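Undergrad: Listed below are the residues making up each chain.
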Amino acid sequence: MDCNCIIRSKLGLAALALSLTAGVASAEELLVGAEIPLTGSLARVGAGMNEGISVAVEVFNKTNGKHTIKVITADDESAPAKAIAAVEKLAGQGVVAITGGYGSNNIGPASDAANKLGLPYITSGGVDDSLTERGIKTFFRINNTAGYRKAMVGLLDDMKVKSASVIYSTKEATADLAKDVQKELAAKGMTVGMHAFDPAITDFKPIINKIRLQDKSEVILMAGYENDYVGILRAAKVLKPDVKAMIGVWSLATPKMVADFPDLMPSVYGTALLPFPAEFKTADGKLFADTYKKLYNKEPDYLGQFGYVQSMILFEAIARAADKGTLKKGGVVQELARTDRETLIGRVQFNDKGDNVNFVHRMGQHQNGKIAIVWPSDAATGKMSFPGVPW
Amino acid sequence: MLDLILQALYSGVLQGGSYALIALGLALVFGTMKVINLAHGEFVLLAAYMAHTVEAKLGLSPVLAIPVALVLVCLCAVVVYFLISLIRKDRELNSLILTYGVGIILTNAVLLIWSADVRSTSSAWMQDAFVVGPFYSMRSELLFFAVSIVLMGALWWWLSRSWYGRAVRAVSSNRDAAKLMGINPRATEIVSFVVAGILAAFAGVAIFSYGVIQPAFGHVLTVKAFIITVLAGIGSIPGVLVGALLLGVAEALTVTLASSALQELAGMALFLMVLFVMPNGLFGAAGRRG
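If you read the sequences in order, they're chains P and C. Position in the first sequence (first residue = 1) + 301 = my numbering. Position in the second sequence (first residue = 1) + 1 = my numbering.
Isolated chain P, as found in the complex (with noise of 0.2 Å):
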């Protein structure tokens, strides 16, 4: 063997060596933290998020290629404190951002500590506008109170009615979006009777009762969640109030309430990003329904649409920042600046404060067990049956 034969076939080997260790670097696992609530009172929204994130994870490993993502849990139990801790553990596991939250209250604090641990957080379970009026860089959210607001007003305005009751939860989210729905109601010559009830509430006859006798509107509005609105809906069916209709936001126009009350669902009003049975037009939303339906076997719901494009928004700027090399100088929360992308739930761009600027959501409405979307007109699937109460 000659010098220079020698030479190359050391070159070779040190090529390959190379080709080798860059093949590694490329394709490295990147660590995500999703900080849930899997216990307490929000187990059931964080179990659904949590579905939606496990969907992106499959989702993008499957298609990007060439990076990896896999992601620890941690239970934040619903509680703030426990989400800040939760948040910390996954920083000492060495995650490079947040995906998760429940709840505004869980949120804020959560947020703080991924900021101070220079961590990006990214959600769509907390719609209080506190949140991004902190001006934390790298706080994201892909949901707001604005785009509930705009949808329950455009439906009333559809409607062309001129008094509603609004029922609403103390809860801060919920609070925050009854306030928003009357202000701007009550801007447009409506009369709005406002009821707030406590969370632990269990009997609403004497709310529905003062709306029977005393308001007489001709809608009711309800903001709260699952547990309230089988309660709001029971008592309005005992007491059979003289309304046309009954709308809810978020947890209500869903697979699930179909399947578990259909006596009380029947011409009941919510927020629905899809219609039931879901029909996915895109690819991005086949290859979703396709991967939900393997991993759960069971139709998607709004919570895992929502987990799941908050989780592959993340995940793709991640890959993007891992690209260039800035993984670890702030990459992922310039690259999720730049977000513009269609998605399930319409197209994303993130504001200065981090706040989805395009996000208006859609009302539908349950018809004979399936879910019809009834508004925009340009997103509908069905004629709004109007007036239709479940009694």
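Hints are computed from structural coordinates only; laboratory data are not their basis. No experiment lies behind these values; they were computed from the predicted model shown. Any given hint could turn out to be false.
[Unchecked claim] Below, simulated SDA-like cross-link-like pairs (lysine to any residue); rule was C-alpha separation at most 25 Å, straight line:
id	chain 1	residue 1	chain 2	residue 2
1	P	K517	C	L273
2	P	K541	C	G134
3	P	K472	P	T492
4	P	K538	C	L76
5	P	K541	C	S260
[To be verified] Derived DEER-like restraints, expressed as beta-carbon distance ranges:
id	chain 1	residue 1	chain 2	residue 2	range
6	P	T364	C	I88	56 to 64 Å
7	P	G670	C	D4	30 to 38 Å
8	P	D459	C	A270	39 to 47 Å
9	C	L3	P	T682	44 to 52 Å
10	C	G60	P	N598	21 to 29 Å
11	C	V80	P	K599	29 to 37 Å
12	C	W158	P	D564	37 to 45 Å
13	P	A501	C	Y101	49 to 57 Å
14	P	S464	C	D4	15 to 23 Å
15	P	G395	C	L65	40 to 48 Å
16	P	A501	C	I88	29 to 37 Å
[As the list claims (entries may be wrong)] Stretches of chain C that chain P covers, calculated by requiring three or more beta carbons in the stretch to come under 8 Å of a beta carbon on chain P:
id	region
17	38-46
18	237-247
Built from N, CA and C at the ideal position, the CB exists for glycine as well.
Take the given structure of chain P and dock chain C to it, following the hints.
TA: Here is chain C on its own, set in the frame of chain P:
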């Protein structure tokens, strides 16, 4: 306005009956053993989930779940009693920590077995309206209000007339003196725990029949039961009924005459006011009859 107030009173009375049913078991154990069973709400919840299982899996009325719920909850009650009996020092204080821990374990067991979804009966008969004049309620509310009154009467009779009931009261008054009279305190305490379990089983099936349940609901029930027990006066069964009715009516009237957001606050204000004027509760100490 009169219609509103009448309905509020009616709703409050029915709600009070429900509160009384939940609080009875806690009041019994608290009264006889001075042990605050912080897992009592989870016992009630366990029975509620049994009712859900019987309805969802077997397609039967939740009322038919009562025998299964009785067995399961009484078994849990006995286990908790044995755990408490292992405490050698400061039983009243240490049992608080123990039962709180048991409550957490049961909540998480419910979460694992039944998931975090909200559950409620799908029985049309239970949910149908029962209307008499200006009074509106669900059939299930009226049914379990009647059950609550019957169980309270039965418990009062058992405590005041039966040998075991008297034994329970004797042990609660003076454990050593009761022993001298030939009463086995351990057996008596087990009996009171089992009776509390029976009451919790009925309460759980009732809640599932007219309300909504979820795994984190147990501690809410415990807190409500504790408030009523203290309001009533420790160990007083008639006091539990009066305290629960007062609480239910105060809450419903607050919703009707003021704001529904103040409902819980009104309940707590009533609780503090009664304790301020009558530190032993409504039927406590000298006024005790039960």
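Undergrad: Does the structure keep K538/P and L76/C at a Cα separation of 25 Å or less?
TA: Roughly 38 Å between the alpha carbons, so the hint for K538/P and L76/C is violated.
Undergrad: Within 37 to 45 Å or not, the Cβ separation of W158/C and D564/P?
TA: holds, 39 Å
Undergrad: Is K472/P within 25 Å of T492/P, Cα to Cα?
TA: Status holds; Cα separation ~23 Å.
Undergrad: Is the gap between the beta carbons of G60/C and N598/P within 21 to 29 Å?
TA: Given range 21 to 29 Å: holds, Cβ gap about 22 Å.
Undergrad: If you draw a straight line from the CA of K541/P to the CA of S260/C, is it 25 Å or shorter?
TA: Between K541/P and S260/C the Cα gap is close to 21 Å, so the pair holds against 25 Å.
Undergrad: Could you tell me whether the CB distance from S464/P to D4/C stays inside 15 to 23 Å?
TA: holds, 20 Å
Undergrad: Does the hinted range 29 to 37 Å hold for V80/C and K599/P at CB?
TA: holds, 35 Å
Undergrad: Cβ-Cβ distance between A501/P and Y101/C: within 49 to 57 Å?
TA: Since the Cβ atoms of A501/P and Y101/C sit about 19 Å apart, the hinted range of 49 to 57 Å is violated.
Undergrad: If I claimed the Cβ atoms of D459/P and A270/C lie 39 to 47 Å apart, would that claim hold in this structure?
TA: Between D459/P and A270/C, where Cβ atoms are some 44 Å apart, the hint holds.
Undergrad: Should the hint that A501/P and I88/C are 29 to 37 Å apart at their CB atoms be regarded as holding?
TA: Roughly 32 Å apart at Cβ, these two residues keep to the hinted range, so it holds.
Undergrad: If you check the beta carbons of T364/P and I88/C, does the distance land in 56 to 64 Å?
TA: Given a distance of about 58 Å, which is inside 56 to 64 Å, the answer is holds.
Undergrad: Does the Cβ distance between G395/P and L65/C fall inside 40 to 48 Å?
TA: violated, 54 Å
Violation of the numbered hints given earlier is confined to hints 1, 4, 13, 15, 17 and 18; the remaining hints are satisfied by the structure.
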